[in-house]
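There are 2 protein chains.
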Amino acid sequence: MNNNPVGIFDSGIGGLTVVKAVKRILPHEDIIYLGDTARLPYGTKSTDAIIQFSLEDTQFLVDRGVKYVVIACYSSASVALDIIKTTFSVPIIGVIRPGVRKALQMTKTGRIGVIGTSLTIYSGAYEKAFKEISAQSEILGKACPLFVPLVEEGWLDHMVTELVARDYLTPLKRDNVDTLLLGCTHYPLLMKVIRQIMGDINYVDASTEVGVELARSLRDLDLENHEGKGSTAIYLTDLSMNFKEIGERFLGEPMKNFSRVSLKGREGMK
Amino acid sequence: MNNNPVGIFDSGIGGLTVVKAVKRILPHEDIIYLGDTARLPYGTKSTDAIIQFSLEDTQFLVDRGVKYVVIACYSSASVALDIIKTTFSVPIIGVIRPGVRKALQMTKTGRIGVIGTSLTIYSGAYEKAFKEISAQSEILGKACPLFVPLVEEGWLDHMVTELVARDYLTPLKRDNVDTLLLGCTHYPLLMKVIRQIMGDINYVDASTEVGVELARSLRDLDLENHEGKGSTAIYLTDLSMNFKEIGERFLGEPMKNFSRVSLKGREGMK
Numbered sequence: 078m079n080n081n082p083v084g085i086f087d088s089g090i091g092g093l094t095v096v097k098a099v100k101r102i103l104p105h106e107d108i109i110y111l112g113d114t115a116r117l118p119y120g121t122k123s124t125d126a127i128i129q130f131s132l133e134d135t136q137f138l139v140d141r142g143v144k145y146v147v148i149a150c151y152s153s154a155s156v157a158l159d160i161i162k163t164t165f166s167v168p169i170i171g172v173i174r175p176g177v178r179k180a181l182q183m184t185k186t187g188r189i190g191v192i193g194t195s196l197t198i199y200s201g202a203y204e205k206a207f208k209e210i211s212a213q214s215e216i217l218g219k220a221c222p223l224f225v226p227l228v229e230e231g232w233l234d235h236m237v238t239e240l241v242a243r244d245y246l247t248p249l250k251r252d253n254v255d256t257l258l259l260g261c262t263h264y265p266l267l268m269k270v271i272r273q274i275m276g277d278i279n280y281v282d283a284s285t286e287v288g289v290e291l292a293r294s295l296r297d298l299d300l301e302n303h304e305g306k307g308s309t310a311i312y313l314t315d316l317s318m319n320f321k322e323i324g325e326r327f328l329g330e331p332m333k334n335f336s337r338v339s340l341k342g343r344e345g346m347k
Numbered sequence: 078m079n080n081n082p083v084g085i086f087d088s089g090i091g092g093l094t095v096v097k098a099v100k101r102i103l104p105h106e107d108i109i110y111l112g113d114t115a116r117l118p119y120g121t122k123s124t125d126a127i128i129q130f131s132l133e134d135t136q137f138l139v140d141r142g143v144k145y146v147v148i149a150c151y152s153s154a155s156v157a158l159d160i161i162k163t164t165f166s167v168p169i170i171g172v173i174r175p176g177v178r179k180a181l182q183m184t185k186t187g188r189i190g191v192i193g194t195s196l197t198i199y200s201g202a203y204e205k206a207f208k209e210i211s212a213q214s215e216i217l218g219k220a221c222p223l224f225v226p227l228v229e230e231g232w233l234d235h236m237v238t239e240l241v242a243r244d245y246l247t248p249l250k251r252d253n254v255d256t257l258l259l260g261c262t263h264y265p266l267l268m269k270v271i272r273q274i275m276g277d278i279n280y281v282d283a284s285t286e287v288g289v290e291l292a293r294s295l296r297d298l299d300l301e302n303h304e305g306k307g308s309t310a311i312y313l314t315d316l317s318m319n320f321k322e323i324g325e326r327f328l329g330e331p332m333k334n335f336s337r338v339s340l341k342g343r344e345g346m347k
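Line order of the protein sequences matches chains A and B.
Numbering-wise, this note's numbering comes out as the position in the first sequence, counting from 1, plus 77.
Numbering-wise, this note's numbering comes out as the position in the second sequence, counting from 1, plus 77.
The set of hints was computed from the structure by calculation and includes no laboratory data.
No copy is singled out in the list; a pair is fine if it fits within one copy or between any two copies.
Derived SDA-like pairs: lysine to any residue, alpha-carbon spacing no greater than 25 Å straight-line: (1) 250 x 232; (2) 269 x 226; (3) 219 x 322; (4) 321 x 220; (5) 321 x 199; (6) 333 x 123; (7) 219 x 319.
Can you make the complete structure from the sequences, with help from the hints?
And the structure:
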């Protein structure tokens with residue numbers, strides 16, 4: 078048993094979907110969330126920059142005594158997980174593998190589609206994770222770079238969103254995937270439109286799966302908190318105009334207890 | 078006469094459209110361009126963050142001995158121009174006012190539309206600039222947040238882009254604006270679609286106008302370079318996967334002579 082908080086970081090506030098899942102599955106745990114909103118998004122930056130930012134994000138959480146680090150940012154998990162693991166001694170889990178394991182459990186035909194931002198897809202992180210866990214599956218990746226801006230515009234159910242989704246998803250539909258992995262924090266909000274196009278197949282939302290796997294790992298390592306009342310502290314590196322409105326859309330409840338912070342090495346932002 | 082370079086900065090590489098215009102109008106000038114690609118975009122960040130970033134960008138150029146600073150970023154020009162002017166003694170021009178002056182020269186009915194990112198439009202910077210220059214005009218602003226992602230996706234002529242443009246621009250069309258100001262570095266690439274919807278009205282591309290106004294100001298201050306061969310040095314705070322391809326789309330020529338730099342106060346990015 079360990080009463081220290083669980084640390085979760087993302088490039089922005091989309092990772093609050095992971096916080097929501099973890100709170101549901103592990104109601105006693107205290108959570109410290111860091112969103113690097115001053116430098117979001119990570120997906121359009123270089124691998125070097127993402128690694129550097131991710132190390133700073135992890136350091137911030139470690140400095141606050143977290144017992145576990147969850148990488149809720151798909152870009153970070155895609156390119157920085159290994160180096161974070163070798164740099165820090167705290168146990169660490171990324172959003173990529175839990176979704177991969179779940180997709181492999183669900184698929185019957187072994188044909189699995191993965192959608193994400195350009196960086197997540199082109200990094201090859203998903204293909205690598207699938208190959209390491211099972212050689213049997215056939216993975217079809219598809220970058221959907223307009224999905225995040227469409228969610229942030231609030232066009233969840235707009236004709237344009239349906240057209241964009243049709244453009245992106247038709248190749249996956251044609252290839253008869255029986256399982257679709259949503260490889261981005263924003264995509265669960267587009268489920269209605271995605272389901273219209275892809276139909277009645279299996280869907281994997283990695284935000285939920287990372288919560289399930291975190292619970293198992295905390296139990297295995299005897300790090301669970303059985304008594305806490307489960308507080309959530311949210312730290313953001315920038316407070317933009319509409320962060321609260323968008324954040325609450327992801328968190329699914331009012332956003333209290335948040336503050337602006339500056340990361341080490343970023344003396345520019347005081 | 079002064080042989081020092083002209084400094085131009087933007088949050089990313091879209092500001093290379095301004096470089097292109099300045100090179101055409103002032104072929105003898107040396108140009109130092111800074112794109113803060115590690116922290117782009119600015120438009121989704123807070124006013125405080127944009128001011129801080131813009132001061133650091135200006136400092137970088139001033140440290141390199143520029144004789145003039147051009148703010149090619151509409152978000153910076155919208156919220157940080159005044160504070161940059163009071164902080165530095167070098168002459169400074171932003172992208173907002175030159176376009177406003179041109180639009181006022183072109184309009185016959187006084188009904189002018191302005192399109193830009195959410196921050197540019199909601200900051201009220203354009204309304205303020207129009208009011209200060211002429212009380213006669215009626216300004217209709219419209220935020221078009223999906224235009225930048227569509228340009229970066231390369232969907233310049235896609236049915237989706239036409240539908241999005243129709244959604245955004247129909248209110249301006251209905252209000253019979255006779256002049257449309259493109260208040261974002263990326264929008265000139267969407268001219269074909271925009272013209273399909275708005276028809277044969279006046280269009281103002283502020284990137285060109287800032288070049289015209291810079292030339293006039295250099296002449297007035299006797300800072301022109303009559304003899305230089307006109308070099309361009311490009312500094313970026315991050316080199317992402319496809320920066321060169323997108324950059325050349327804006328610059329209109331091959332991108333040579335670029336390097337990655339770190340800004341003062343950003344020790345995190347070494």
